[in-house]
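Peer 1: Residue-level listing of the chains:
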Amino acid sequence: MEGRRPCPGQAGGRQVSAELGHFALALALCVASVQATLPLIGAYRNNPSWMAAGQPAAIMQFLLVALAFGCLTHLYVTSDFSVLNVASNSHTDKPLLYKISGVWGNHEGSMLLWVLILAVFGSAVALFGRNLPPSLKARVLGVQALIAIGFYLFILFTSNPFERLFPVPVNGRDLNPLLQDPGLAFHPPMLYLGYVGFSMAFSFAIAALIEGRVDAAWARWVRPWTLAAWSFLTAGIGLGSWWAYYELGWGGWWYWDPVENASFIPWLAGTALLHSATVVEKRDTLKGWTILLAIITFSMSLLGTFLVRSGVLTSVHAFATDPTRGVFILVLLIIVIGGSLALYAWRGPQLISTGLFQPISREGALLFNNLVMATAAAVVLLGTLYPLLLDAMGGGKISVGPPFFNAVFIPIMLPMIAIMALGPLLNWKRSDWRAAVQRLWPAFLAALIAAVAAWSWVADGPFLGIVGLALAAWLGVGTLVELAERVRLGREPLAQSLSRLRRQPRASWGMTLGHIGLAVAIVGMTGAGTWVKESIQVMAPGDTVTVAGYEFRFDGAKPVNGPNYAATRGHFTVTKNGKVVVLLDPEKRVYNVSGQPTTEAGIHATLLGDLYAVIGDADATTGKPGAFVTRIYFNPLVAWMWVGILIMVAGSAVSLTDRRHRIGAPAKRPAAEAVQGAD
Amino acid sequence: MRGRLIFLLPLLLFLVLAGYLALGLTMDPKKIPSALIDKPAPAFELPPIDGLPGSGFSAADLKKGGVSVVNVFASWCVPCRAEHPEVNKLAQMGVANVYGLNYKDDPEAAKAWLAKLGNAYTAVGADRSGRAGIDWGVYGVPETFIVDGRGRIRYKHVGPIVGDKLVKDILPVIEKLKAAK
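The listed protein sequences correspond, in order, to chains A and B. The working numbering puts the first residue of the first sequence at 612, with every later residue one more than the last. The working numbering puts the first residue of the second sequence at 226, with every later residue one more than the last.
Just so you know, these hints were derived from the structure itself, not from any lab. Treat the numbers as computed from the prediction; the structure is a model and nothing was measured. Quick reminder that beta carbons are idealized off the backbone N, C-alpha and C, glycines included. Hints are not guaranteed to be accurate.
[To be verified] A short, non-exhaustive set of chain A residues, derived as facing chain B with CB atoms under 8 Å:
#1 Ala635
#2 Ala637
#3 Gly681
#4 Pro706
#5 Pro780
#6 Val938
#7 Leu944
#8 Ile948
#9 Leu952
#10 Tyr955
[Unchecked claim] Below 20 Å or equal to it, Euclidean Cα-Cα: the simulated SDA-like pairs (lysine to any residue) are:
#11 B:Lys329 <-> A:Leu1000
#12 B:Lys329 <-> A:Thr769
#13 B:Lys329 <-> A:Gly1227
#14 A:Lys1235 <-> B:Lys403
#15 B:Lys329 <-> A:Asn742
#16 B:Lys329 <-> A:Tyr997
#17 B:Lys381 <-> B:Ile359
[Claimed, not checked] A few chain B residues that don't get close to chain A, going by computed Cβ distances all over 12 Å:
#18 Arg229
#19 Ala247
#20 Pro397
#21 Glu400
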């Protein structure tokens, strides 16, 4: 740009960005070392000024990492190819959005994003943790800094994003075209906000184990962090799945790919944690289990990072891998997970739960949720690692695919969804399940109607589809029944019920929306998973093919040019009963620098189903001019899945605004308040 | 005591898992053993690349005695470009006949590619349809096979021959096969 010849020796302003960023990162490591020692020792010796050191250190750490991240972003935006990372992953022709998203679209930059988010969470505790008991806060910040140290070392020693390159290339090698997509620009930050967000629950768990105390106040602190992390992870997984749907061009939205699983396992564990933390908060029980879940959830996030970054598993997610990085992350894993589980084995038995409960109770239902989620997470983990385990035992090379996961995962989840509608209707401590089931009659009715409707709609489809829709109706209506019960609808005058509805705490709205969101998402998963119609053929201009009652006419394909790619754009006219429904324009792009092709599906989304067309290679075998390989799909109800995910994310956002969370620790801790006031 | 053991269980399970992960790091998941190892090379007969001299490349070439190397390449494959100097070096060493299997390629592009990067192959066969590639079990380019004097496939290398791979992986196999004869 500007005809400038980059020269590493030049002392211009932008030329030192890389060194400044590198230096800021090294300083952040030093600050983290202080933050990891002083507050922990201070908490052990009960020395308030040592404990207080954690707060400025966390904020300082954040500022330094933000500076480093800002430097790398600046290098990308100005296309400074004297930096290896920029030269390998950027190009001057790339649109600005992808220059910025390119910062984390590679290994080194994504690790920098990882520590940035960790620092954001750490400084959030420092800034907003005024109500936390000082010793707990000091320990949480100390544990956070310990994790950060591991990652700073990892970045500085094995994955330095600021490494210089000489001679300086004229232009860069461009970002992997698959990643040049708006959906994927925000997918990694969302996932990382989720992964790293669980580090908060982890730090609180370790701090609680050191303190030897877990109480309602602790749970009240952990819950919003877990919830925030969970909603980011949910949104991140949703975005990833949506991207796979329209970008990979195979009409699918979930492939049980090891990297997808790496994000799904922490999600399952995090969902369990979210529910068991409620039990700790409300009922002062399941403490040891909740602590273990907090450790496991973050461990699974770290393991996910290991699987993605070490290259021990093959995956469609082609990240550059390097064995030294794998060894480093494995050592980090052993220290963090092994260390925390050892601490758990040592201190865990001292956690005393006071709340007792009968199996049939709200606690019982939540524990059931926990067991199912934990089992599901274990199964997905086993399936993901099985090829590795078998190979390690000399059993040969295999791959575990969707048939295994679908066959095992779905039957585990079905009973949980059945219980899910019932759980919120049960009382704490002990409950009468018959009364609860009787109140669910509208849900029974809805499930029956849904089953009959599904059966009459697609009689030849798999039985699972009917079960899926019935369960979705059962869960959705069951959740509404619980809401109606809570506002005493029909048992009190309507006006009074409505006023109760307005006074519902936002946290319970969160639960209601979360469960309804899942019900809606199940509708989408069932539809797209069981009744998808597909047709793959060679089409010449004018040819038509009929899929699910829609007639797709191929109108030919023309070359078009994008900013950094050349594309073939196909044109389809979709008609139903002679009337034009929509025009679809799928593209097949070839990126100029890498030469790698990508598909952009043409999609028309409706609530009933998506019309989905993909154009492949030009075909010469039939001898017809202008003929192309085309794939046409009808994906019934698939849009419901993303709507459902959005409802779940919205539900957790509503819940996060609950006053209870903002206040944090309850008022029954005047002692803590007094100490806070003193400093 | 039993209560304590339950708290220890997660740690023990993790240690087992960590052991497997450590073992996993020592293995390369991309290295998939070929089902054709120690089997005779498939029957095939490929024409030369359009416009290049020579009579192409067929199964008969591999049974002439002497160790052969079959290198699957294409002009559209970037790693092939990276490994090509090493392939040329191997051919010039004269320890084995090095054949090229030009996989699903445009003849003009392949010709230009070989003219630019050098063509040290004993012979090159053009597999435009990819049919011979399927018989050889090719699932990605580049791949390199080592065939003994009797036409049996003895070794398969997946991915580019770069860095120390020629010296560490390819040459020892050739030496061993030559010594065994």
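Peer 1: It remains to establish, for every hint, whether it holds in the given structure.
Peer 2: Now for the hints, and whether the structure bears them out:
| no. | hint | verdict |
| --- | --- | --- |
| 1 | Ala635 | violated (31 Å) |
| 2 | Ala637 | violated (28 Å) |
| 3 | Gly681 | violated (33 Å) |
| 4 | Pro706 | violated (24 Å) |
| 5 | Pro780 | violated (16 Å) |
| 6 | Val938 | holds (6 Å) |
| 7 | Leu944 | holds (7 Å) |
| 8 | Ile948 | holds (6 Å) |
| 9 | Leu952 | holds (4 Å) |
| 10 | Tyr955 | holds (6 Å) |
| 11 | B:Lys329 <-> A:Leu1000 | violated (36 Å) |
| 12 | B:Lys329 <-> A:Thr769 | violated (38 Å) |
| 13 | B:Lys329 <-> A:Gly1227 | holds (17 Å) |
| 14 | A:Lys1235 <-> B:Lys403 | violated (52 Å) |
| 15 | B:Lys329 <-> A:Asn742 | violated (67 Å) |
| 16 | B:Lys329 <-> A:Tyr997 | violated (35 Å) |
| 17 | B:Lys381 <-> B:Ile359 | holds (14 Å) |
| 18 | Arg229 | violated (5 Å) |
| 19 | Ala247 | violated (6 Å) |
| 20 | Pro397 | holds (21 Å) |
| 21 | Glu400 | holds (26 Å) |
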